[in-house]
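Novice: The chain contents come next:
Protein chains: 2
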Amino acid sequence: MNRESTPPSLGDISAEEFRRHLHEIANWIADYREHIADKRISPAAKPGAIRAALPFAAPEQGESLDTIMADFERVILPGITHWAHPQFMGYFGATTTGPGILAEMLTAALNVNAMTWRTSPAATELETVVLSWLQQWLGLPNEFSGVVYDTASISTMHALAAAREEASTSVRTLGLSGRSELPIFRVYTSDQAHSSVEKAAIALGLGEHNVRRIASDSEFRMDAKALRETIAADLRKEFMPLAVVATVGTTSTASVDPVSGIAAVCREHQMWLHIDAAYGGGMALLPECDWVRNGWNEADSLVLNPHKMLFVPFDFSALYVRDIERLRDVFTLVPEYLRGDAAGAEINYMDYGVQLGRRFRALKAWMVWRAFGREGLAARLREHLRLAQLFTSWITEDTRFQLASPTVMGVVCFRAISTDDAASDRLNSRLVETINAAGKTYLMQTKLRGRAVMRLGLGNILTTEEHLRTVWRLIRNAADSAA
Amino acid sequence: MNRESTPPSLGDISAEEFRRHLHEIANWIADYREHIADKRISPAAKPGAIRAALPFAAPEQGESLDTIMADFERVILPGITHWAHPQFMGYFGATTTGPGILAEMLTAALNVNAMTWRTSPAATELETVVLSWLQQWLGLPNEFSGVVYDTASISTMHALAAAREEASTSVRTLGLSGRSELPIFRVYTSDQAHSSVEKAAIALGLGEHNVRRIASDSEFRMDAKALRETIAADLRKEFMPLAVVATVGTTSTASVDPVSGIAAVCREHQMWLHIDAAYGGGMALLPECDWVRNGWNEADSLVLNPHKMLFVPFDFSALYVRDIERLRDVFTLVPEYLRGDAAGAEINYMDYGVQLGRRFRALKAWMVWRAFGREGLAARLREHLRLAQLFTSWITEDTRFQLASPTVMGVVCFRAISTDDAASDRLNSRLVETINAAGKTYLMQTKLRGRAVMRLGLGNILTTEEHLRTVWRLIRNAADSAA
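Which chain is which? The protein sequence lines are D and X, in order.
Numbering follows the numbering used here, in which position 208 of the first sequence is assigned residue number 211; successive positions increment by one, without gaps.
Numbering follows the numbering used here, in which position 1 of the second sequence is assigned residue number 4; successive positions increment by one, without gaps.
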């Protein structure tokens, strides 16, 4: 190995070469987005095949970007599940948008850090601006203020950290361990809630088993009566009720917990009310969906992920906290090397969380939301809700299928019927696998009350009624073949 | 307000318009990077000025991307601190690179999630590939495996969560609170370590005050004897030593703790050894800097941020854990709606942390590292080390200045001398403010042993010796004017 045989230039790639590749990739992205409907959605690859097709040894010498891009096309791209495909119906639908991609390009070129105001004033001030826009759209009272994180899991972890401090001061400084005066805290959430509640409880030292899953009703909404009973039983055993995480738009069915009723329970027991509106909160942009906001004003915190419903590319999660100083008091910590930086600013977002480094995420929200306006966002949300209702009507009209949950947002859960429940479980599971393997659409399977169901999630800005009709045809064809 | 007067189109912006903007922004990025040295580095803006120059009311109607881009140029850009400027000497230097920007463009267009293998097989497999490359370069033994997070703070939090579980099983399930059998845990780190250690202790319920800051020696390295004494004293008071966080490249001076000596203490007391090599770990790519790896093989975990030294754009933090199942056991939790997804995969990276959603971060590491190769990375690192030594020689040769710490990596801490210590503190603080306000370079101020010092950080791939000479001239001129 003659390490110094070809000394690389010490700067970056040349300006001309860089410009050429920028335009080539610009074209690639335009083509990708224009012809994405022709792509196979999910790869046929077996685990390990992509890795095996690439050199596993770390590269010793540099290579040309042309070679690298050729490998990207040859090996990486066929291994991608194309979330942006208009017939991709997994999760909550992809929120890739043209303006979002353009914004991410600028963010990458600037590559600034939004930890303090001074590290890039515009990054901090734009974060305040877009958080305020979203707050106006959500109708959240002025006592709330927001902060942007990467994911709802991190948002919920921070909300529960503030709740933990509130319930027992000095947890920040002294921790939870070895303190005989502290009780065992309990967090309540429905049996339909996101796993992030347990993950937060694990991280925060509250314990996974101290998250109590409250039964949901026939429409998958937390049963406030069961909540009240569970808390009463816990109090008798000297557990200390800490917080309730209510969900507005659960992951499996997009059901909405009765937040007002839950808020009353929280008030009674002085518990923190955190609302996980990561997906469903975006509906508040529609005046006709005002019901979705029931009880929000009584919350202590609310998380909403614009990367789930509001067309901002991944990742962007907004946490709002009533009197956000309660959160700041838990996490602010200015090291010596940032003291000069931190001085004189109105706000330094690093004060509100574990993460010190923070990408300039506000730019993409600002560009997407200005490009569409509330009107444009609302029109697109309405269209997704209309499509979800349309698909629901097809399901209810076809005797081979049944609806598995009410369709309240852009998610439809349904089930192919067979001779008995067990046979139907096998059928639905097999149908999803067969349909996804064909690569023309992508559904999820989940379980509701122990029974396998198929789940379709809308949200992609490119999805039209025509695409949905194609998806429906593919599902029916698969059911025909299975019969 | 006539909301429905101009119904927006329901798809995205038109393909032609999108393509035009892609090329415009491609040109913008090429120009930005080509002419960045002409920019004023940090804005003159007062807090709130940028916000005030933008409409604060949420946009009701959509606007053209031309208008938005014009506002970006007019208001946002002048509010940016240009980390990518070759005379920006803040923090650890920006790691923006051409290939990194190109990769982020592709990531934004794909907008896939790397939570399970199935959500995009190539995203998961490429993460395994680049983690393996980095591991080969670092010479970490095969018992280690890695996972990518956003920041070192999150990496360290996860490492200490694994340590917490190891020291007392069932913390995952039962938590820390209300358990009389649990001791008070203590975490040890040097007085020069990053604030992320305390932030992790706060989040994990260990308590900020249970992070003991161990004195550092004259070269800002943790004093292993002081560590031993502090642990002994803690044991007498029935605290339980949990973990030591040793630093390889501290934030203020880039000093390196005596990891081998610390590892011996950890072995004695069965403590978890976590190495924060977020910045300094990259030096392991240079055979002549092999000393930096001392003691690594004895660690339980190590974090390295390629976005600090290895030319990968922000954010990208790699955590390596010996027998990583110890980390997985704390955080794996597969919800019903991901059970189909998770089945059959070799690895689902969501199992290793709080965050479920995960950006496709591996692509940028893969493109940057292939474009440069280890040789290219090493040559650039060597150049930064050479520049740091060159700057150090200028400081030592100029009687108005003195070195404030040994220069061991790309960070130089120095101090302008005045009549006494207090006058010198004021002078150094004022110099940094004056120099930064002029917008031609950007230094940091920190405190060492209570005394204000100036700090210069190299790492930008565009920085040449000529740029550094200019920075030095600006510093001397400012000192002349202040005299």
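What the hints contain is simulated information worked out from the structure, not anything from laboratory work.
Here the structure is a predicted model, which is why all the values come from computation and not from measurement.
Glycine included, C-beta positions come from ideal geometry on N, C-alpha and C.
Among the clues, some could well be false.
Now the stretches of chain D that chain X is said to cover, found in silico as 3 or more residues with beta-carbon under 8 angstroms [what the hints assert, rightly or not]:
1) 154-162
2) 325-338
Here are the simulated EDC-like pairs of lysine to aspartate or glutamate, each with C-alpha atoms no more than 16 angstroms apart in a straight line [stated by the list, open to error]:
3) D/K450 / D/E271
4) D/K49 / X/E146
5) X/K49 / D/E222
Novice: For every hint, state whether the structure bears it out.
Specialist: Verification of the hints:
1. 154-162: holds (count 5)
2. 325-338: holds (count 5)
3. D/K450 / D/E271: Violated, at about 34 angstroms.
4. D/K49 / X/E146: Answer violated: D/K49 to X/E146 is near 25 angstroms, above 16 angstroms.
5. X/K49 / D/E222: Cα-Cα ~52 angstroms, so violated.
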